[in-house]
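Can you make the complete structure from the sequences, with help from the hints?
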Amino acid sequence: MTAAEASVIPRTATIIAVSHLSADTALFSLRLEGERPHFSFVPGQFIQLSMPGGGEAPISLAAAPADDGTIELCVRRVGRITTMLHNSRSGDRVGIRGPFGNGFPLEEMTGRDILLIAGGLGMAPLRSLLHALLADRDRYGALTLMYGAREPAAILFREELVALARRTDVKLLLTVDFVREEQPAGLACNIGLLPALLAGIRFDPTSTSVAICGPPPLYGCTIGALVAAGCPEERIYLSLERRMKCGQGLCCHCAVGDLLCCTDGPVFRYGDIRNVPGAL
Amino acid sequence: MKKPNVAIAGLTACFGCQLTLLDCENELAAMADRFTFAYFPMGVTTRTIEGDFDAAFVEGAVSTPEDLEMLVHLRSRSRLLIALGTCARWGGIAGLKNNEPRLPLAETVYGGDAHHIDTFNPGPLHRFVSVDAAIVGCPPEKPDIIATLAALLAGTLPVFTAYPVCMECRERENLCLLIERNKLCLGPLIQSGCGARCPAAGMVCEGCRGPAAETNSVAQETLLREKGFTRDEIASRMRRFSWEWDHDQDH
Amino acid sequence: MAKRFLFNALLPDFFEALHFFGELHAPVMTSDGVTAFRPALSLAEVRLDYRRTLIPPKKYLLPPRETTLDATPTEGYRLRTPADKEIILFGVHPCDLAGIDYLDRVFLSSSPDPWYARRRERFTLIGLSCEPDDFCFCGDIGDNHSAGFDIFLEQAEDGYHLLCGTDKGEAILASFKDLLHERRIPPPHKREKKLPPSCFATAREGEPLPATPMWDDFAQRCLSCGACSACCPTCYCFDVLEGGTLDGDRAERVRSWDNCLFRGHGEVAGGVNFRASRRERFQYRFRHKFHGFGPQRNTPACVGCGRCREACPVKIDLLDIVRQEGTHDSC
Amino acid sequence: MTRTIELKPLTRVEGHGIVRVYLDGNRVENVELSLCESPRLFEALLVGKSYREVPEIICRICSICSTVHRLTSLAAIEQAFGIEVSPATLLHRELILNGGQIASHALHLFCLVLPDLFGVAGFTELAEVAPDELKLGLRIKGAGNLIQETIGGRTIHPVTLIPGRMGKYASPNALQLLHDTLAPLLPKAKEVCAIFAAVRPLSPPVAPLSPLALQGKNVPYLFGDILEMAGENSAAVADYRKLIREEYVSHSNAKTCTAAGKVVTVGAQARLSFTPGLSPAASVELAAHRERLASADIRGNNLAQAIELLHAIERSLDVIALLASTPSAPEEPRDFVPHQGTGTAAMEAPRGTLIHSYGFDSRGICTTADVITPTAINQAAMERDLLALGRGMDGADEAELMHQMEMLVRAYDPCISCAVHLVRQDERRGE
Ligand SMILES: Cc1cc2nc3c(=O)[nH]c(=O)nc-3n(C[C@H](O)[C@H](O)[C@H](O)COP(=O)(O)OP(=O)(O)OC[C@H]3O[C@@H](n4cnc5c(N)ncnc54)[C@H](O)[C@@H]3O)c2cc1C
Ligand code: SF4
Ligand code: SF4
Ligand code: SF4
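As they're listed, the protein sequences go chains S, V, D and H. Numbering-wise (my numbering), the first sequence opens with residue 3 and increments by one. Numbering-wise (my numbering), the second sequence opens with residue 89 and increments by one. Numbering-wise (my numbering), the third sequence opens with residue 3 and increments by one. Numbering-wise (my numbering), the fourth sequence opens with residue 12 and increments by one.
Any given hint could turn out to be false.
[Claimed, not checked] If you anchor each label on the Cβ, the simulated ranges turn out as follows:
hint	chain 1	residue 1	chain 2	residue 2	range
1	H	335	D	69	27 to 37 Å
2	V	90	D	69	47 to 57 Å
3	D	19	V	320	53 to 63 Å
4	S	229	V	323	49 to 59 Å
5	D	82	S	19	24 to 34 Å
6	S	229	V	214	45 to 55 Å
7	D	297	S	229	27 to 37 Å
8	D	219	V	323	18 to 28 Å
9	V	204	H	256	43 to 53 Å
10	S	68	D	297	30 to 40 Å
11	V	214	D	69	29 to 39 Å
[Said to hold, decoys possible] Below are the BS3-like pairs computed for lysine-lysine, each with C-alpha atoms no more than 27 Å apart in a straight line:
hint	chain 1	residue 1	chain 2	residue 2
12	H	228	H	253
13	V	91	H	146
14	D	61	D	179
15	V	230	H	146
16	D	317	V	271
17	V	90	H	201
18	V	315	H	60
19	D	5	D	87
20	V	315	V	271
21	V	230	V	90
22	D	87	D	61
23	D	317	D	87
24	H	199	H	146
25	H	201	H	146
26	H	60	V	271
27	D	170	V	315
28	V	230	V	91
29	D	87	D	170
30	D	61	V	230
[Said to hold, decoys possible] From the structure, some residues in chain V lie toward chain S, with a derived Cβ separation under 7 Å:
hint	residue
31	231
32	242
33	244
I should point out that these hints are in silico values taken from the structure, not numbers from a laboratory. All C-beta atoms, glycine included, are put in the ideal place defined by N, C-alpha and C.
Listed below in structure tokens is the structure:
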């Protein structure tokens, strides 16, 4: 099989574990079949997940690359393919193509303070970045994770967040839009939107790199505050969602200006897309 | 693999949608093998609706109390309810005079006996119950029925292209009857999936698959008016199979 | 001097002999009265003086609908290899050659698309010079005249000058020695330019889109019928659909033509649409056609064949925007 | 004490029907056949529509008979406007009519009736107990559908059948394909006759038919302009109202019909009881079974259908050959101006005589529409036979009684969805 063919034919992967994170979101661990199960990628990259008989959906890699080739996907049930995945069990087989996209520029982040801003499912690609940063913790300065969810029950990766909150070398700030029930034990949580949270923290804008991922409205309201605070536009990284079919820059559904989200992105420097109408 | 239990039933209809299923001559054996047709009066002698269904395919519009009773009955027993055909999805041919009251229409046909007949203006299924998926067409295309059954086996529902008939018509390199012959072709407004069957046979699209996901009916009407068709003619054609036109201008 | 001239009287023999090299297709008139590339047995069927076909030759390389992958529970996904068929396409005009050249750049780049590549390898292009009509404007789009053919027939009064673009073309011509004669090849004549020269300037510099009320006018009139992109030699955007089979075990993945003017083109799960209005979709199309995306950025894709203007039921012409820009600039 | 048992719904028939049997003790007192299809008011839908729209709308009255409905409506429209169509158009129409006949008869015999012969519930089980027979039936049915698809542009609700001409004429390649599909089926169709000739009803006989069918001079089988009743009371199609009377009965949404005051039967068996000009092979079969068909009650109908199936295949092959030998230069659309008038036409649908009658105003807008369908004509006979069967099976096991009743109804090959219609009131008053 040529390299070009390999990039269009999904490889078979087996679901080895499923853990439910919230009412509609679950973490799926997959292992690739075959002789070279190792799967290397950069945090922020995504794969095309195939459900046989259903089709493909782009899904972010939600953990750092693992030596045994295990892949983690954090998927919300929203439509056909994601429902088929949610209906699958350990041992079922799916297809994987990729990795695709550029991912976060870890080199550029080295030595700098890092601010991660995740809204809702935006936690998926940022978790992968977070894992990579923690694995090489010494190479980066202050590390802050700001994470907003709709309500306490929708907070993903609770146990990991509890562990994170105990660490002294990471600052964790959580917020929820509203509260309906008891707050989950062990997690201090604000109530309100992420921009409000942002206004309350102190950071050195010139030495900080920011990575943001979340629903479309999140970008507008956080970026304004960051730029106003003095963050350089080329140090703000955004992971964008677009409709995608091929993942390889052919199907032409995902252009952002004259950039293609699947190959030139999905991670963009704010400075590169600031003037593109409809980018954010 | 467990055989899915399906029901196939007709309401106010011509039975063409069910017949299309029986016209899948090459696939019928596979269907019989893969599915349990637990209720399918047209094809199998089963008189009672028993147990639950994985999917119920319902053909036809709702126009009598009995139709409604049957529909609610099937809905409450089926995990998925699938509208089979244009009557079920859009109201279809029987509703083409839904702008007129029912009783005088019935009187045209049944005269003084019309009051015996319990009937109301035919409406699509989704007016009465929730519908999970639809196969359109008057009659539907065999591949759409087969794709839906296949999707059920794969544990999902099918996706059909959402664009209008013109796209398929161009792909087939038909002569455009609207542009080249100034005929009243509804292709630009109508849900594709038939392979532009009628233009390929030299006939205009009469709209049997109902509105496409996105239509610009205002622009189409303007165009047809420019070509000399009257408002009435256009309305009569557009309402032959559906009343649910979205006249919003999206821009 | 090479023997590269074919007298009119020998054209039928030339055509006949091309059958040896593969399945011969050419522009013919269908029973509906549409000009289309179809298999042609003899030159008598071929419309040598045709203006343009309804659908460009891209249909041979990127069919409207093709099964790309098959899946089974045991073997996973498998490539469905296109049929092993050599196709000779006779009578391709320069604009269509340029269209194929553009598609080659998209699909045969660093990571070639296997289905396109396989078909392209088995595709021989025999170009034919043409006379422009009111709809076409290839003279404005650049010098595409020498791109992408294996053999090109430049019409002269009493026959055709044969140009050769590839080794494949040379090999074919080598077997036609007896039919050809010597004649000095005149320089190719230039197409007249119909648009103001500055029209494509913005395209090349990646500037923002022109502000004009035409966007709204187009958005209001467009029927979203898809004709413009189905007929465009350089529109290639596609949708991917997958379905199971009745035996319940296999699945097939299909890719089919899509159109950026369709509402669903920019829609993602949950109802978010990145190009919710028709106006935004027009601008997307304009960007793709005249500015280019990704690796094709700053390369206008339009080859000036004039199809989209002819195929549009409401006579929308994106070029109007370019034209207007031209007059603006020149003021 | 009286009680009622019901067959609800009638299964393996087209449309919604119910048989209600009123019993006094074990004695069958009365039987009602209720064609309870939801009324779609087709005649009312047509009023106010242009003559161009009429065939496109009316064919949706019924799927199995959509082709013949469309053809009959064309004939009525053409009669109203005095349009003559070309021989090529007539041949195309005859071919597609035969295609419809093949598909309908094959569907009925193999998917709806055959399960009874094997004692199973439907085609799903046939696939297990009689796969070869089912396969054969489906192959024949597919061939009939291929004719409809090729000539009509679609199997159900064909699109190319329009007033004055064909929307599209069959290409030589298409005709060749049809020939190649049908030719091998000729010997198979003889086997079909044998299958259904071997079937003898197990229940007591009911009344012999009093047949009604369309006849005409120099017209192909299934066409005609005279409504013929054995020996007596024939009427020109245009005078159908003088012969056929409809009456509303409260238990059914279709009106029952009588012809010249008699309960009549239409359909395959009725057609064969006259002297039909069948194709050679079908004539041989008919000769072999003539006596039996003449003396049988309606349960001879399935054999008659099998013979007609053979005829339809053979005749289709002839028509295909005729079409192939006449180069079909595309015909110019014939110019005609719609004008005020009425037109009435009849054709033989698979299940019997079908009549369409329309009135148009000077712009060609439909002002009156009337459709009489074979199943509506047969309704009275069906009810009569059901009662006779019930009486004849006095004391029989209830389940068996109902089973035999359903088979009896099925023998008529009823098509309930198109049966439900009625006549325009004002026209009735005018009589
Ligand atoms: C780079 C990237 C990374 C993503 N990462 C994640 C993730 O980690 N976890 C997660 O839950 N979701 C992620 N998404 C979103 C995810 O792709 C969609 O939720 C998913 O495609 C929905 O598919 P569906 O069939 O379930 O939904 P449906 O609504 O049924 O989809 C219908 C159709 O829309 C198409 N479609 C819908 N949304 C998208 C989309 N965003 N992109 C392309 N096609 C789409 C599907 O292909 C399908 O054909 C990501 C999207 C992108 C672009
Ligand atoms: S959609 Fe058409 S084919 Fe189906 S029942 Fe209705 S009228 Fe008949
Ligand atoms: S003939 Fe009708 S369907 Fe075909 S392209 Fe023209 S308008 Fe569209
Ligand atoms: S072309 Fe139009 S009328 Fe014909 S089948 Fe398709 S949607 Fe129906």
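Do the hints match the structure? See the list:
1. A hinted range of 27 to 37 Å holds for the C-beta pair residue 335 of chain H and residue 69 of chain D, which are about 35 Å apart.
2. Between residue 90 of chain V and residue 69 of chain D the Cβ separation comes to about 28 Å, which falls outside the hinted range of 47 to 57 Å.
3. Our hint of 53 to 63 Å for residue 19 of chain D and residue 320 of chain V holds, since their Cβ atoms are close to 60 Å apart.
4. A beta carbon spacing of about 54 Å between residue 229 of chain S and residue 323 of chain V agrees with the range 49 to 59 Å that was offered as a hint.
5. The hint said 24 to 34 Å for the Cβ distance between residue 82 of chain D and residue 19 of chain S, and at roughly 33 Å that hint holds.
6. For the pair residue 229 of chain S and residue 214 of chain V, the supplied restraint of 45 to 55 Å holds, since their beta-carbon distance comes to about 47 Å.
7. Range check, residue 297 of chain D to residue 229 of chain S: about 30 Å between beta-carbon atoms, so the 27 to 37 Å window is met.
8. Range check, residue 219 of chain D to residue 323 of chain V: Cβ separation about 26 Å, and the 18 to 28 Å hint holds.
9. Against the hinted window of 43 to 53 Å, the Cβ-Cβ separation of residue 204 of chain V and residue 256 of chain H comes to about 19 Å, which falls outside the hint.
10. Between residue 68 of chain S and residue 297 of chain D the C-beta distance comes to about 32 Å, which sits within the given range of 30 to 40 Å.
11. Take residue 214 of chain V and residue 69 of chain D: their Cβ atoms lie about 33 Å apart, and the range 29 to 39 Å holds.
12. Distance check on the hinted pair: residue 228 of chain H and residue 253 of chain H sit about 21 Å apart at the alpha-carbon level, within 27 Å; holds.
13. Annotation: proposed proximity of residue 91 of chain V to residue 146 of chain H holds, straight-line Cα distance about 22 Å (limit 27 Å).
14. Simply put, residue 61 of chain D and residue 179 of chain D have alpha-carbon atoms about 32 Å apart, too far for the 27 Å limit, and the pair is violated.
15. Distance check on the hinted pair: residue 230 of chain V and residue 146 of chain H sit about 18 Å apart at the alpha-carbon level, within 27 Å; holds.
16. Restraint check: the Cα-Cα separation between residue 317 of chain D and residue 271 of chain V comes to about 16 Å, which is no more than 27 Å; the hinted pair holds.
17. With a C-alpha separation of about 40 Å, the suggested pair residue 90 of chain V and residue 201 of chain H falls outside the 27 Å cut-off, and the hint is violated.
18. Between residue 315 of chain V and residue 60 of chain H, the direct Cα distance comes to roughly 20 Å. Compliance with the 27 Å bound is thereby established for this hinted pair.
19. Distance hint between residue 5 of chain D and residue 87 of chain D is unfulfilled; the C-alpha atoms sit about 30 Å from each other, more than 27 Å.
20. Taken as a hint, the residue 315 of chain V and residue 271 of chain V pair is honoured in the structure, with Cα atoms around 8 Å apart against an allowance of 27 Å.
21. A threshold of 27 Å between alpha carbons decides the hint, and for residue 230 of chain V with residue 90 of chain V the separation of about 24 Å falls inside it, so the pair holds.
22. Our distance criterion of 27 Å between C-alpha atoms is met by residue 87 of chain D and residue 61 of chain D, whose separation comes to about 14 Å.
23. Taken as a hint, the residue 317 of chain D and residue 87 of chain D pair is broken in the structure, with Cα atoms around 38 Å apart against an allowance of 27 Å.
24. For the given pair, residue 199 of chain H sits about 12 Å from residue 146 of chain H by alpha-carbon distance, which is consistent with the 27 Å threshold.
25. Between the alpha carbons of residue 201 of chain H and residue 146 of chain H the distance comes to roughly 16 Å, so the proposed pair stays at or under 27 Å and holds.
26. Only pairs whose Cα atoms come within 27 Å are accepted, and residue 60 of chain H paired with residue 271 of chain V is accepted, the gap being roughly 18 Å.
27. A threshold of 27 Å between alpha carbons decides the hint, and for residue 170 of chain D with residue 315 of chain V the separation of about 50 Å lies outside it, so the pair is violated.
28. Between residue 230 of chain V and residue 91 of chain V, the direct Cα distance comes to roughly 21 Å. Compliance with the 27 Å bound is thereby established for this hinted pair.
29. Proposed proximity of residue 87 of chain D and residue 170 of chain D is supported: the alpha carbons are some 16 Å apart, at most 27 Å.
30. Simply put, residue 61 of chain D and residue 230 of chain V have alpha-carbon atoms about 25 Å apart, close enough for the 27 Å limit, and the pair holds.
31. Checking residue 231 of chain V against chain S: minimum C-beta separation of about 16 Å lies over 7 Å; hint violated.
32. A distance limit of 7 Å between C-beta atoms decides the matter here; for residue 242 of chain V the minimum to chain S is near 3 Å, and the interface restraint holds.
33. This hint holds: residue 244 of chain V has a C-beta 5 Å from the nearest C-beta of chain S, less than the 7 Å allowed.
The structure fails hints 2, 9, 14, 17, 19, 23, 27 and 31 (numbered hints given earlier, in ascending order).
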